[in-house]
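K.L.:
These are the residues of each chain, in order.
There are 2 protein chains.
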Amino acid sequence: MIVALAGGVGAARFLEGLIRVIPQSEITVIGNVGDDIELHGLHISPDLDIVVYTLAGLVDPVKGWGFRGDTFQCQDMLHNFDHETWFNLGDRDLATHIYRTEQLRVGKRLSEVTRGVVRHLGVRIKLLPATDTPLQTYVLTTKGYMHFEEYMVKRQTAPKVLGVSFRGATSAKPTRNVIESIEKADGVIIAPSNPIVSIGAILAVPGIRSALQRTKARKVGVSPIIGGKTVKGPAAKLMRAVGFRATALGVAECYRDFLDTLIIDRVDRKLAPEIQDMGIRTIVTNTLMKRMSDKVRLAKIAVRETKR
Amino acid sequence: MIVALAGGVGAARFLEGLIRVIPQSEITVIGNVGDDIELHGLHISPDLDIVVYTLAGLVDPVKGWGFRGDTFQCQDMLHNFDHETWFNLGDRDLATHIYRTEQLRVGKRLSEVTRGVVRHLGVRIKLLPATDTPLQTYVLTTKGYMHFEEYMVKRQTAPKVLGVSFRGATSAKPTRNVIESIEKADGVIIAPSNPIVSIGAILAVPGIRSALQRTKARKVGVSPIIGGKTVKGPAAKLMRAVGFRATALGVAECYRDFLDTLIIDRVDRKLAPEIQDMGIRTIVTNTLMKRMSDKVRLAKIAVRETKR
Numbered sequence: 121m122i123v124a125l126a127g128g129v130g131a132a133r134f135l136e137g138l139i140r141v142i143p144q145s146e147i148t149v150i151g152n153v154g155d156d157i158e159l160h161g162l163h164i165s166p167d168l169d170i171v172v173y174t175l176a177g178l179v180d181p182v183k184g185w186g187f188r189g190d191t192f193q194c195q196d197m198l199h200n201f202d203h204e205t206w207f208n209l210g211d212r213d214l215a216t217h218i219y220r221t222e223q224l225r226v227g228k229r230l231s232e233v234t235r236g237v238v239r240h241l242g243v244r245i246k247l248l249p250a251t252d253t254p255l256q257t258y259v260l261t262t263k264g265y266m267h268f269e270e271y272m273v274k275r276q277t278a279p280k281v282l283g284v285s286f287r288g289a290t291s292a293k294p295t296r297n298v299i300e301s302i303e304k305a306d307g308v309i310i311a312p313s314n315p316i317v318s319i320g321a322i323l324a325v326p327g328i329r330s331a332l333q334r335t336k337a338r339k340v341g342v343s344p345i346i347g348g349k350t351v352k353g354p355a356a357k358l359m360r361a362v363g364f365r366a367t368a369l370g371v372a373e374c375y376r377d378f379l380d381t382l383i384i385d386r387v388d389r390k391l392a393p394e395i396q397d398m399g400i401r402t403i404v405t406n407t408l409m410k411r412m413s414d415k416v417r418l419a420k421i422a423v424r425e426t427k428r
Numbered sequence: 121m122i123v124a125l126a127g128g129v130g131a132a133r134f135l136e137g138l139i140r141v142i143p144q145s146e147i148t149v150i151g152n153v154g155d156d157i158e159l160h161g162l163h164i165s166p167d168l169d170i171v172v173y174t175l176a177g178l179v180d181p182v183k184g185w186g187f188r189g190d191t192f193q194c195q196d197m198l199h200n201f202d203h204e205t206w207f208n209l210g211d212r213d214l215a216t217h218i219y220r221t222e223q224l225r226v227g228k229r230l231s232e233v234t235r236g237v238v239r240h241l242g243v244r245i246k247l248l249p250a251t252d253t254p255l256q257t258y259v260l261t262t263k264g265y266m267h268f269e270e271y272m273v274k275r276q277t278a279p280k281v282l283g284v285s286f287r288g289a290t291s292a293k294p295t296r297n298v299i300e301s302i303e304k305a306d307g308v309i310i311a312p313s314n315p316i317v318s319i320g321a322i323l324a325v326p327g328i329r330s331a332l333q334r335t336k337a338r339k340v341g342v343s344p345i346i347g348g349k350t351v352k353g354p355a356a357k358l359m360r361a362v363g364f365r366a367t368a369l370g371v372a373e374c375y376r377d378f379l380d381t382l383i384i385d386r387v388d389r390k391l392a393p394e395i396q397d398m399g400i401r402t403i404v405t406n407t408l409m410k411r412m413s414d415k416v417r418l419a420k421i422a423v424r425e426t427k428r
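Protein chains in written order, with the working numbering: chain A, 121 to 428; chain B, 121 to 428.
Chain A on its own, in the form it takes in the complex (with noise of 0.2 Å):
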């Protein structure tokens, strides 16, 4: 089993190609759910579906989120009803923020729900949200605390950030069977993803650090930093605002305390020896996911190092 710590759109291209490398019924994906928010009513968990939604082949990808030819009807509506509606919300979407909050309203934990979101649209990976309790990432800036989707979506990632929290994060606890299948793991995978809000949320639930430290599966990451930028996404600009460097350097930093090897781009290659010298393989590679050959390749590089 290959267990896999993901966040959104990086981390989902990067699952595709591991789907075509080994079978979905020998993948764990474990997900970040500080993104979720409610709006409108309804639980969203944007990681989560964006997960689901590509890996079911549905997703748009040209915005990497939401379905493919979705539309957003209710959405011009809702704005009618003075509804916030910065956070866009397609027709076909919706479904499943309407499924999930009821099924939560009727005392289902994340984990079943998402089990249930998962197999209706024809996925046989496992995904487990991190946790089932309340845990959502909060960025600090200098119009004070806001919801990372607040920050990322409504205000376009414009606010100076100053730190991020986990709200809830110390009374979180892991979803059943994450511990369990990260010590059992034949290897694990940190997908290209924000390691400060998305893996960071997934590692801010107690024992789940931990566990990494403590697995004997080797652990190999992707760095979703190429020559200093994000592919998409705030992840440079909010790892220098809580003090890393903003390069693959500062994504070994971020894992150094459990990964054994980090999967750079080759543009970065300058940066391997100081990152070998964390005591982290480095193996230097074309990262850049466009077309599903570039994915499959990525997935069957850290497939293999994980069996090294």
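Treat each hint with caution, since some may be false.
Identical chains blur together in the list; that is why a pair holds if it fits in one copy or across any two.
Derived lysine to any residue pairs resembling SDA-like cross-links, with alpha carbons at most 20 Å apart [unchecked claim]:
#1 Lys228 x Glu158
#2 Lys228 x Asp202
#3 Lys228 x Glu204
#4 Lys246 x Phe201
#5 Lys228 x Asn200
#6 Lys293 x Arg329
#7 Lys228 x Phe201
#8 Lys228 x His203
#9 Lys246 x Ile299
#10 Lys280 x Glu270
#11 Lys274 x Lys352
#12 Lys420 x Pro143
These are computed hints drawn from the structure, not numbers from a lab.
Starting from the known structure of chain A, arrange chain B on it as the hints suggest.
P.N.:
Showing chain B alone in chain A's frame:
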């Protein structure tokens, strides 16, 4: 102020005429909540929405409910999640239910939320749900009790009905202003709606029937039964099921304890003497509302009769 008791499609069509005869600001509609149902975790108020959408000029003119030109993308997807989707919910329509559900969850009363729906859709009548406390119409069939919408939409009125009951009616309280609006009305109109389940569920709220008996306003009804048939819906079937004749006579019987005048169709003119014998003035005219001119003419007759 004219007060109208209203159910769904028939009433809404009548009200389209009424708002062209007197200003919206002088109309209070007491609406039926007996058809309200929770589906997918959302609170749906079919009759209230039909009235608002119709008066907003946004209703689907063929179906008589929902928004004109609405799509059903979310519902298609809910079907994938194994949700029962026999109750059609368009994407734009869903916004109303999402808005209502969220507002109710944060503690607002249905009447307050309804005021919001009315205002946001640009309608200016006052629409009061008969009660803010839960009241749901159930029909007893040979297959047991079922929610009215299940009987009406899911079972397409196929089961044989043995009786009708209003769950929550004994403890229901009329919405604030309902009793006062009836007492102070210049005229009361019973719109052409199902006397058993639509108007019946309004009259089942303790205090409303006695307010109608007590008020000095003239009370004018429009028969929804034309030649022993209903234009739309199961009114005739349900009237017979609970022991009334499925004719304009039966309608008069339903309201005889408070009604001053009943407007009936020309095809039913032979029934006029017997209705008059109950002490109810009878006006014979064309009551079928096909065009806007039909609706306006009928509304004019009803309004004139309240001033008699």
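K.L.:
Does each hint hold? Answer for all of them.
P.N.:
Hint check:
1. Lys228 x Glu158: both (17 Å within a copy, 18 Å between copies)
2. Lys228 x Asp202: For Lys228 and Asp202, only the inter-copy Cα distance (16 Å) is at most 20 Å; the intra-copy one is 31 Å.
3. Lys228 x Glu204: Between copies, since 19 Å is at most 20 Å while 28 Å is not.
4. Lys246 x Phe201: Between copies only: 18 Å across chains, 38 Å inside a chain, cut-off 20 Å.
5. Lys228 x Asn200: Between copies only: 19 Å across, 32 Å inside.
6. Lys293 x Arg329: within (12 Å within a copy, 56 Å between copies)
7. Lys228 x Phe201: between (30 Å within a copy, 15 Å between copies)
8. Lys228 x His203: between (27 Å within a copy, 16 Å between copies)
9. Lys246 x Ile299: This pair counts as within: shortest intra-copy Cα distance 14 Å, inter-copy 57 Å.
10. Lys280 x Glu270: Intra 13 Å, inter 54 Å, cutoff 20 Å: intra-copy only.
11. Lys274 x Lys352: Cα proximity of Lys274 and Lys352: one copy only (16 Å, versus 47 Å across).
12. Lys420 x Pro143: within (13 Å within a copy, 72 Å between copies)
Checked against the numbered hints given earlier, the structure satisfies every one of them.
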